[in-house]
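Colleague: These are the residues of each chain, in order.
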Amino acid sequence: MTSQPKAPLTRRDRWRNRAIAVTGLVTVWVLLWGTFSWANVLSGLVVAAVLLVVFPLPPVTFAGRIRPVPLLRFVVRFLYDLVVASAQVAWLAVRSKHPQSAIIAVPLRVNTDLNLTLNAEALSLVPGSLILEADRSTGTLYVHVIGIRSLDEVERFRSGVLELEERIVAAVGSAEELSLVRRSVPTGPSGSVDLEGAPT
Amino acid sequence: MMLDAILDTVAGICLIAGALLCLAAGIALIRFPDVLSRMHAAAKPQVLGLLLVLLGCALRLRTGVDITTLVLVGLFQLATAPVAAHMVGRTAYPHDDIRRDLLITDELSDHIDRIRADRAGEPQETSPVHTS
Numbered sequence: 000m001t002s003q004p005k006a007p008l009t010r011r012d013r014w015r016n017r018a019i020a021v022t023g024l025v026t027v028w029v030l031l032w033g034t035f036s037w038a039n040v041l042s043g044l045v046v047a048a049v050l051l052v053v054f055p056l057p058p059v060t061f062a063g064r065i066r067p068v069p070l071l072r073f074v075v076r077f078l079y080d081l082v083v084a085s086a087q088v089a090w091l092a093v094r095s096k097h098p099q100s101a102i103i104a105v106p107l108r109v110n111t112d113l114n115l116t117l118n119a120e121a122l123s124l125v126p127g128s129l130i131l132e133a134d135r136s137t138g139t140l141y142v143h144v145i146g147i148r149s150l151d152e153v154e155r156f157r158s159g160v161l162e163l164e165e166r167i168v169a170a171v172g173s174a175e176e177l178s179l180v181r182r183s184v185p186t187g188p189s190g191s192v193d194l195e196g197a198p199t
Numbered sequence: 000m001m002l003d004a005i006l007d008t009v010a011g012i013c014l015i016a017g018a019l020l021c022l023a024a025g026i027a028l029i030r031f032p033d034v035l036s037r038m039h040a041a042a043k044p045q046v047l048g049l050l051l052v053l054l055g056c057a058l059r060l061r062t063g064v065d066i067t068t069l070v071l072v073g074l075f076q077l078a079t080a081p082v083a084a085h086m087v088g089r090t091a092y093p094h095d096d097i098r099r100d101l102l103i104t105d106e107l108s109d110h111i112d113r114i115r116a117d118r119a120g121e122p123q124e125t126s127p128v129h130t131s
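These protein sequence lines are chains A and B, in that order. Reminder that position 186 of the first sequence reads as 185 in numbering that gives the first Met the number 0, one-by-one numbering, no gaps. Reminder that position 39 of the second sequence reads as 38 in numbering that gives the first Met the number 0, one-by-one numbering, no gaps.
Just so you know, the hints here were simulated from the structure itself, not pulled from any lab data. From a predicted model like this one, the values you see are computed outputs, not experimental measurements. Check the hints yourself; a few may be wrong.
Said to hold, decoys possible - Simulated crosslink set (SDA-like; lysine to any residue; CA at most 20 Å straight-line):
#: 1; chain 1: A; residue 1: K96; chain 2: A; residue 2: E152
#: 2; chain 1: A; residue 1: K96; chain 2: B; residue 2: I26
#: 3; chain 1: A; residue 1: K96; chain 2: A; residue 2: S149
#: 4; chain 1: A; residue 1: K96; chain 2: B; residue 2: V34
#: 5; chain 1: A; residue 1: K96; chain 2: B; residue 2: D65
#: 6; chain 1: A; residue 1: K96; chain 2: B; residue 2: A41
#: 7; chain 1: A; residue 1: K96; chain 2: B; residue 2: L22
#: 8; chain 1: A; residue 1: K96; chain 2: B; residue 2: P32
#: 9; chain 1: A; residue 1: K96; chain 2: B; residue 2: R37
#: 10; chain 1: A; residue 1: K96; chain 2: B; residue 2: T104
#: 11; chain 1: A; residue 1: K96; chain 2: B; residue 2: G25
#: 12; chain 1: A; residue 1: K96; chain 2: B; residue 2: R30
#: 13; chain 1: A; residue 1: K96; chain 2: A; residue 2: R148
#: 14; chain 1: A; residue 1: K96; chain 2: A; residue 2: A86
#: 15; chain 1: A; residue 1: K96; chain 2: B; residue 2: D33
#: 16; chain 1: A; residue 1: K96; chain 2: B; residue 2: I29
#: 17; chain 1: A; residue 1: K96; chain 2: B; residue 2: L28
Okay, chain A solo, but in the shape it has when bound (with noise of 0.2 Å):
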């Protein structure tokens, strides 16, 4: 976990992930029994205090906030996306030709491991790209994308996830990683954005 040259976190940064951290495992407890009861709340924040003290969750930052109609934005694209795509691929599969595909590298903008894990977690779902490998030292996704015909598509595709991780900043990234991300929208040319993802 040394590959960000990052300040350690404070104390209070920690007591919060935690506090979310218990709010999750509390929930996900409550879920599990199905009725909401103060024992069932009471019980869920033992088991999870047990959890946090027995497996000490590995320091991620959450440096944001959550933003509600920025969340709504990208669920709803999100599950659009989910829709076509399925269709796409499904239409993929019983078409007579074998597909091809392409391996594309995206480099992000915002290169923490939230926002890297937040957009490899969102373009693995959506059918039709998956995530072979992910570079933390340079914040870059490697995607293999099926039903990809040409290189236009390669840069389509590559601007298209740049939207995605801005629609995911802006959802819950802290302000300077969105401003970071509104100052180079995903406009110029690609070729510069490559050179910025190649190591040397």
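Assemble chain B onto chain A, guided by the hints.
Modeller: Just chain B now, with coordinates in the frame of chain A:
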């Protein structure tokens, strides 16, 4: 009961749509040419397919206890499917099973050695299986 009939119909549509997506996934699994494109079939159409089946079940069952369980099934599927797909993709990548003639471009081949060397340097993470 009018409402019950409507809910049952919607539930039926969801279940059938979900089942059809899973069928498409099965067909794709057989027909796609290499391991990576098969992973798309194996891991993906189920995401929507399973969500639709779960939604159909929830609409049919309509009891709190069952619905919370179904929500959890959906959440854990969403959280774990990408991890499984990524692990398979990562092990499969630098092998001959991949149909290079069907690849438009491969922007990973130049970087793969550096990435894996970086990762081997990090003691906390398990390095992927290297076969040479």
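Colleague: Evaluate each hint against the coordinates.
Modeller: Against the structure, the hints:
no., hint, result
1, A:K96 - A:E152, "19 Å, holds"
2, A:K96 - B:I26, "13 Å, holds"
3, A:K96 - A:S149, "16 Å, holds"
4, A:K96 - B:V34, "16 Å, holds"
5, A:K96 - B:D65, "43 Å, violated"
6, A:K96 - B:A41, "19 Å, holds"
7, A:K96 - B:L22, "19 Å, holds"
8, A:K96 - B:P32, "10 Å, holds"
9, A:K96 - B:R37, "14 Å, holds"
10, A:K96 - B:T104, "19 Å, holds"
11, A:K96 - B:G25, "17 Å, holds"
12, A:K96 - B:R30, "9 Å, holds"
13, A:K96 - A:R148, "12 Å, holds"
14, A:K96 - A:A86, "17 Å, holds"
15, A:K96 - B:D33, "13 Å, holds"
16, A:K96 - B:I29, "13 Å, holds"
17, A:K96 - B:L28, "14 Å, holds"
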